[in-house]
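Asker: Sequence:
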Amino acid sequence: MVPPLVRLFVQALRELDAAGEPERACMMAAQAWSLLRHDFPREAQRLNGLLHALTGATHPRHAGH
1 MVPPLVRLFV QALRELDAAG EPERACMMAA QAWSLLRHDF PREAQRLNGL
51 LHALTGATHP RHAGH
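The numbers in the working numbering rise by one with no breaks, and the one at position 9 of the sequence shown is 9.
Honestly, the hints are just simulated from the structure, not real lab data.
Warning: the hint list may mix true and false statements.
Said to hold, decoys possible - What follows is a set of in silico ranges between Cβ atoms, one per label pair, in the way DEER data are often shown:
no., residue 1, residue 2, range
1, Thr-55, Met-1, 24 to 30 Å
2, Ala-18, Asp-39, 27 to 33 Å
3, His-38, Arg-7, 16 to 22 Å
4, Met-1, Gly-56, 29 to 35 Å
5, Ala-18, His-38, 28 to 34 Å
6, Met-1, Glu-23, 26 to 32 Å
7, Arg-14, Leu-35, 15 to 21 Å
8, Gly-20, Pro-41, 29 to 35 Å
Since we're looking at a predicted model, the values are computed, not measured.
Glycine included, C-beta positions come from ideal geometry on N, C-alpha and C.
Can you make the complete structure from the sequences, with help from the hints?
Answerer: Structure below.
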């Protein structure tokens, strides 16, 4: 049950980012990672990857790379 919910949550966070709310999407991804990391490490890793993608896309230092 958890993996499908995480997939749906990741999709929602990507849409939140696309709607101009990257900071909010990052905060929610980090909170979800914290909740999942011990009992559902695979799903937590998926959120970690999303968090890195979101921060890389919004961090000025990464622009143009």
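Asker: Which hint numbers doesn't this structure obey?
Answerer: Of the numbered hints given earlier, the structure breaks none, since each of them holds.
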